[in-house]
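**Q** Chains as they are written, first to last, in numbering that gives the first Met the number 0: chain A, 0 to 324; chain B, 0 to 91.
Just so you know, these hints were derived from the structure itself, not from any lab.
A virtual CB, placed ideally from N, CA and C, is assigned to each residue, including glycine.
Check each hint, because a few of them may be wrong.
[As the list claims (entries may be wrong)] On the chain B side, residues computed to face chain A include the following (Cβ under 7 angstroms):
| # | residue |
| --- | --- |
| 1 | L9 |
| 2 | F38 |
| 3 | V45 |
| 4 | F65 |
| 5 | S69 |
[To be verified] Only pairs whose alpha carbons sit at most 25 angstroms apart, straight line, appear in this in silico SDA-like list of lysine to any residue:
| # | chain 1 | residue 1 | chain 2 | residue 2 |
| --- | --- | --- | --- | --- |
| 6 | A | K33 | B | L23 |
| 7 | A | K33 | B | L11 |
| 8 | A | K33 | B | L37 |
| 9 | A | K53 | B | E1 |
| 10 | A | K53 | B | G54 |
| 11 | A | K79 | A | G245 |
| 12 | A | K53 | A | L123 |
| 13 | A | K33 | B | A73 |
| 14 | A | K33 | A | A48 |
| 15 | A | K53 | B | F3 |
| 16 | A | K33 | A | I16 |
| 17 | A | K33 | B | G18 |
| 18 | A | K53 | A | D11 |
| 19 | A | K53 | A | L18 |
| 20 | A | K33 | A | L312 |
| 21 | A | K53 | B | G50 |
| 22 | A | K79 | B | A70 |
| 23 | A | K53 | B | M0 |
| 24 | A | K33 | B | V43 |
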Amino acid sequence: MEALSLLQWLIDGLIGIGLLWLAWRALFCPELFKAIVLFIAFGLLMTLAWVRLKAPDVALAEVAIGAGLTGALLLSSWAKLRDFDANKGMGVREKNRVQSEQKTKRPFFHWLSATPVLLMAVGLGYGVLQLSPYATGLSTAVAENLDASGVSNPVTAVLLNFRAYDTLLEIAVLLLALIGIWSLEIRPSVREATLDPVLDLLARLLTPLLLLVSAYLLWVGAHASGGAFQAGSVLGAAGVLLILAGWRLPLSLAGLPLRITLVVGLSTFIAVAVLMMLDRGQLLAFPPSQASLIIFVLETTATLSIAAILAALFLGSRPDHSEKI
Amino acid sequence: METFYLVLVLFLLLNLAAGMWRVLLGPTAADRMMAAQLFGTTAVAVLLLLGQVEGRSALHDVAFVFALLSAVTAVAFVRRAWSEQEKKHDSK
Numbered sequence: 000m001e002a003l004s005l006l007q008w009l010i011d012g013l014i015g016i017g018l019l020w021l022a023w024r025a026l027f028c029p030e031l032f033k034a035i036v037l038f039i040a041f042g043l044l045m046t047l048a049w050v051r052l053k054a055p056d057v058a059l060a061e062v063a064i065g066a067g068l069t070g071a072l073l074l075s076s077w078a079k080l081r082d083f084d085a086n087k088g089m090g091v092r093e094k095n096r097v098q099s100e101q102k103t104k105r106p107f108f109h110w111l112s113a114t115p116v117l118l119m120a121v122g123l124g125y126g127v128l129q130l131s132p133y134a135t136g137l138s139t140a141v142a143e144n145l146d147a148s149g150v151s152n153p154v155t156a157v158l159l160n161f162r163a164y165d166t167l168l169e170i171a172v173l174l175l176a177l178i179g180i181w182s183l184e185i186r187p188s189v190r191e192a193t194l195d196p197v198l199d200l201l202a203r204l205l206t207p208l209l210l211l212v213s214a215y216l217l218w219v220g221a222h223a224s225g226g227a228f229q230a231g232s233v234l235g236a237a238g239v240l241l242i243l244a245g246w247r248l249p250l251s252l253a254g255l256p257l258r259i260t261l262v263v264g265l266s267t268f269i270a271v272a273v274l275m276m277l278d279r280g281q282l283l284a285f286p287p288s289q290a291s292l293i294i295f296v297l298e299t300t301a302t303l304s305i306a307a308i309l310a311a312l313f314l315g316s317r318p319d320h321s322e323k324i
Numbered sequence: 000m001e002t003f004y005l006v007l008v009l010f011l012l013l014n015l016a017a018g019m020w021r022v023l024l025g026p027t028a029a030d031r032m033m034a035a036q037l038f039g040t041t042a043v044a045v046l047l048l049l050g051q052v053e054g055r056s057a058l059h060d061v062a063f064v065f066a067l068l069s070a071v072t073a074v075a076f077v078r079r080a081w082s083e084q085e086k087k088h089d090s091k
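Isolated chain B, as found in the complex (with noise of 0.2 angstroms):
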């Protein structure tokens, strides 16, 4: 089982890697902004994973706040960034 484990860790590592790309590429921001979420969210995944196979149960709370928090980001994203480019494109 804990070889189970550590091929999905690494699949969606390799998973991480190819969306790097849509970070360099973008074209947009939120192009960029929205590959960085999705990382988030395997990164959670991830975290679950290897709390199951070192078996510590401190990695669900990182992998909770995680989770939690990168919501925060998303919406500073959203709120400060990316709302005047849209009011930009309006107005053109």
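With the rest of the complex left out, here is chain A (with noise of 0.2 angstroms):
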């Protein structure tokens, strides 16, 4: 028994040490491509930190998000950024000249941006220390109404009904995301034209899994770990393979019906919010012999909406823009 303990604090010792020296490491290297390479490993051992802290569903939403689509989308905007600077000609004197200012200019932006994230930490320090040390949390309180949530997992209960808002603004969040992206107007990147035979064989094997996977885990979040944004990420992952596997929405598609699909999500939970008000007078307050039935019905939309904003987020430019340059 005691070498099994000593084990488990060798393991966690490990782990807290390496999410420290990633996260320094990522945070002061001077080559973003280095970074973004210790940003995907951090995540990774973030997601065995979850598990360790017996989160699973913590641990899947950071899978999901953090291995599939944050380094994707990081790895596809360093690529975008090293063009720019290409087609700008910026030469290895002038960056030189650039870096040295930055260089110059750094003390003052670090004490700038240091200041509120001091504030907040000392917020932060203060407010845990007023916390008593008895409490139990709300944990008791999700288990009691658990019944009247309609699902079983009391993490779905808490993200999709007793505190639904929540995830009604995350998705609102997403959208405002996508939107601003597009009304950057960024020039499409033409590279993925050219056809690769390995790797359309893996769209067309992968395509389908990711398919199956998004809807196990949509279904699973009402007893288990799963739910509307980690199968959102793993439907939107398959958009972002299909993107890069040189697959284009057809452009009858890319208009209307496309936005349709952005929004639907995010429509749908505000119009169940506006219901629910009518009808109970309480913002999303969802009558427990129903609440199974919406949620599913919530769940669904927003998986569609958080894998096309998340395809989109990727793919950077209008789908229906495009296509006319």
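Please assemble the complex out of the two chains, which come individually in their own frames, going by the hints.
**A** Structural data, given as structure tokens:
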């Protein structure tokens, strides 16, 4: 028994030190690409940390969003930045000048950004110290009301029933991010036009599997780890894979149908919220008898929207736009 | 058996730490990315072992999704980040 707890200590210590070290290296790495790879490794270790903390739901979310899409998005942005530099013909000397300029400006900006972070850290620390050491948290309250939530997984019950407005706002944030990117009018990259037989085969094999796993995660979320965000990002990863393999949305679908898919999650959520407001006088307070069905509808539409938004984020430019150029 | 699994987890984590040198040293982008991909494979093994130790089947799902999605990152790297460098090398 002694050896077992020592082993667990060693594993947890290694994960903890590794996380801090990776975070430090990723933040202070001057080379962007290296920082991205370090960040991917950080997400991976973070997943293991969540597992060790007995939070498989968070681990699954970290995997679905961190491992699949963040890495792909960061790498693609890095490639775009590099192309941008190359197109501008920024010479080495000029680059050095810019870098030395940035260096002289650095201390000021460091302190400017460090001040609010430090203030927040002090505030958070104060808040944590103020907490009663005997508080049990809200887990008992959730467990007591789980029957009324319509699902048996407490995490899903909190995210889509007790605090459904959190999820509502998260989807709104994603949509806002996409609107922000679309309004930038980025020119589409044409590099994917070349065909690659290996990638084509991989896309053909992986896409059905990703669709299946996405549906599974959506369904299993009602009673175990899973849910709309995880399912949406797996489905979005399928979209990213297809985009990378050179597949494009047909022009007939890239206009209105795509936009409807993008907003269906948020609009269903808002519609349900308004209906509940009229019916029961409270925002997103579901009647227990129908809660299960409402959550299922909300999650399904949210999955579709999240997937479409994430794939569109990866594409970067408006699909109906890119075809014209 | 539990001790054996945890020893294996520790061994795999030490492997991760060793692989970190490749990420730091490089020298090419592909070296770094390959190391990160190998981390993904190792992490899948760690997740499965931990799932066995803790008796949580949810961890199998986590490992499965991980294995599926790390391929997408690799494809994104090859298609977006790496192909350009190849071209540059060819033109030299």
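**Q** Now tell me if each hint is right for this structure.
**A** Consistency of the hints with the structure:
no.	hint	verdict
1	L9	6 angstroms, holds
2	F38	5 angstroms, holds
3	V45	6 angstroms, holds
4	F65	5 angstroms, holds
5	S69	6 angstroms, holds
6	K33/A - L23/B	7 angstroms, holds
7	K33/A - L11/B	22 angstroms, holds
8	K33/A - L37/B	16 angstroms, holds
9	K53/A - E1/B	17 angstroms, holds
10	K53/A - G54/B	11 angstroms, holds
11	K79/A - G245/A	17 angstroms, holds
12	K53/A - L123/A	23 angstroms, holds
13	K33/A - A73/B	15 angstroms, holds
14	K33/A - A48/A	22 angstroms, holds
15	K53/A - F3/B	20 angstroms, holds
16	K33/A - I16/A	19 angstroms, holds
17	K33/A - G18/B	14 angstroms, holds
18	K53/A - D11/A	12 angstroms, holds
19	K53/A - L18/A	17 angstroms, holds
20	K33/A - L312/A	23 angstroms, holds
21	K53/A - G50/B	10 angstroms, holds
22	K79/A - A70/B	21 angstroms, holds
23	K53/A - M0/B	20 angstroms, holds
24	K33/A - V43/B	22 angstroms, holds
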